[in-house]
Amino acid sequence: MGKEATNGGAQKSQLAHTVEQLIAVNPYNPDILPDLENYVNEQVSSQTYNLDANLCLLRLYQFEPERMSTPIVARILVKALMAMPAPDFSLCLFLIPERVQMEDQFKTLIVLSHYLETARFRQFWDEAAKSRHIVEVVSGFEQAIRAYAVHVLSITYQKVPRAILAEAINIEGVSLDKFLEHHVSNYGWVIEKGQGKGQVITLPRTEFNHPELKKNTADSVPLEHVTRIFPILG
Amino acid sequence: MAASYEYEDGGYPQQTDAAGYDPNFVPDSVKSFVVHLYRHIREKNVYEIHQMYESSFQTLSERMFKETPWPSVDAVAPYVDNDHVFCLLYREMWFRHLYARLSPTLRQRIDSWDNYCSLFQVVLHGVVNMQLPNQWLWDMVDEFVYQFQAFCQYRAKMKSKTAEEIALLKQYDQAWNVYGVLNFLQALVEKSTIIQILEREKEGLEEFTATDGYDYNGGSNVLKVLGYFSMIGLLRVHCLLGDYHTGLKCLHPIDITQQGVYTSVIGSHITTIYHYGFANLMLRRYVEAIHEFNKILLYIYKTKQYHQKSPQYEQILKKNEQMYALLAISLSLCPQVKLVEETVNSQLREKYGEKMARMQRYDDEAFALYDELFSYACPKFITPSAPSFEEPLVNYNQDAYRLQLKLFLYEVKQQQLLAGVRTFLKVYSTISLGKLANYMEVDEPTLRTILMTYKHKTHAVDSDGKITSNADVDFYIDEEMIRVVESKPAKKYGDYFLRQIVKLEGIMTDIDRIKLE
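From first to last, the protein sequence lines stand for chains X and Y. Mapped onto full-length UniProt numbering, the consecutive letters of the first sequence carry residue numbers 1 to 234. Mapped onto full-length UniProt numbering, the consecutive letters of the second sequence carry residue numbers 1 to 517.
Derived from the structure by calculation, the hints contain no laboratory data. Please note: incorrect hints may appear among the correct ones.
Unchecked claim - Footprint (simulated), chain Y over chain X, 3 or more residues, beta carbon under 8 Å: (1) 62–73; (2) 88–95; (3) 130–143; (4) 154–165; (5) 179–191.
As the list claims (entries may be wrong) - Here are the simulated DSSO-like cross-link-like pairs (lysine-lysine), alpha carbons at most 30 Å apart as the crow flies: (6) K380(Y) with K406(Y); (7) K466(Y) with K12(X); (8) K413(Y) with K503(Y); (9) K426(Y) with K159(X); (10) K406(Y) with K130(X); (11) K302(Y) with K380(Y); (12) K249(Y) with K295(Y); (13) K157(Y) with K107(X); (14) K466(Y) with K178(X); (15) K413(Y) with K107(X); (16) K380(Y) with K249(Y); (17) K413(Y) with K130(X); (18) K107(X) with K406(Y); (19) K249(Y) with K12(X); (20) K159(Y) with K170(Y); (21) K380(Y) with K107(X); (22) K159(X) with K435(Y); (23) K413(Y) with K338(Y); (24) K159(X) with K466(Y); (25) K338(Y) with K193(X).
Each residue gets a CB set at the ideal place from its N, CA and C atoms; glycine is no exception.
All chains should be modelled from the sequences, with the hints used to inform the complete structure.
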């Protein structure tokens, strides 16, 4: 899954570092609210993501609604959409008061989330095209959604028709050829000729599209349990 | 941190006067109770403290203080050397009794908060040198969170507030403030270094679970165990706020697959699993929720007879019923009945069998049932922020609950077509997309979205990107063909044999002991 890096090691920014320390020292401190807001903006521009920090901020908004900034909340929600298939979007909504969710921009985001949750990618891309002003503020949006679409396709299909893939990731023609080429050389995709008209893409095997690969963990016994009978075996 | 309040001396608004309650009158039985309890505490006699706390306090309350509060702390103080900490403990019980039997006034709610502040501050400063029963320490954390929740509910009912109450609310805006509550719990966790203690215990460097948290080397268990239970308190508060992810994070240091101090008190055991299960349900990790509900329901089924006389008995039964409702919801969304033990399953069928069958239909009636079960079994969600005091005053005590319910039902609606798919997948091993679309009376593109939704909703993804399958029936699509894989129930022979080996060895030892003449 081409997920964006979650603040990995060396390239962590000064701000990310400071904010994480502030949260570690006291996650229930109203004074860190401005830092958390800056951090959201940084996540938006630097393609990083920190769910814990964002939930911490939503929590502070929940405690002091008068300090809430709706543009920041919108950015958090867009980032949460980008984290799909993780349930982050719902996690955020649980903390946002209903009357705020009634605002147009949030209604749009909720509709977008609904389309993604129910795998209606065509409707999603149509709706997203109409709401560029909300989603395109955040860099890497389209790539992240494509990664989610590829994830859902990968756990569902062994072989997916080209047209279905095209619709899900909203890429066609030459760009799609390039996208496929990239995945063939990097992620083990295989392009074949289908039974009917177009191409069929064989996706890499996982235990989710090849259930026979699922490791049979059911009958393994952890060592701790075996240690219970050591005295007897002796 | 929380400020403490000065209030005029002379006790509480005595609207109980009518019942003939004199806060300054100390009956002999109470005199004897406090004197003995105080002595046992000084002597660190945990067993006797526990007896007095669990049974004498209840008996006296039942016999003498059914409808009135206990005598005021000022009246009993002279019998216990005016001991500061003892008086704080006494008042904590005094308020707990008041909350349980009468309805506290706003003034009393504020005073109780004030008492918790003083008590926790004393504990946090490490000057407490007592050994208290786990039951009592659990009750403190439990009651603290309960009173916070009760305060938020009370405050949110603005319409019925008198001018005097509003003035008090404004004046004491720090009382039961959400920051204060969270910071106390967090401070107890940190000051107790409980997380490090549990870590060290894993490496065999320290004992905590093995001694049930008690300190047999002359130290005090109070801060450590309060810190431990505060992690469960934090889980609960975060669930009340709708922050399930953070709640589970707070509980993380406790390994709930094992026995632990949290299982040493039935109330703490149930509270932990109830909130853990609920949070997992809201995070769509149904298998995890089903596992834990199943385990605790079986445990309650087997042990509830031992708690019949406990003051917590009613609460145990209530949570038991609520968890059956949550199990019914989880299994309706994720029909993995094989995960549920036979006794629990038959109880479940008895209680919810008929409703669960109707919930599978995903019509309006089914949604109404999801609504009903959720509303019955969910935590009492709270709005933590202070009210707007501007006219007109509005009630907002239902807001938080309505939001969580709405979002939950939203999720159910997103899954409504999955039950249909499931029915067909169960009877076919392979079926073409066209044929299934035909049977389900949808077009092929719609069927594809339904199938992908099924996959997405049955595959939970955690924050590390690890995918866990919750699917009871699984499948994959090979171009135009759907191939179904029914997951077979995993038989655990390994564990079975291990247990039999231990059993056999026991029998052989017993036989060896028998001496034949």
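Subject >> Violated hints - listed by number, lowest first >> reply: Violated hints (numbers, rising): 3, 5, 8 and 25; every other hint is consistent with the structure.
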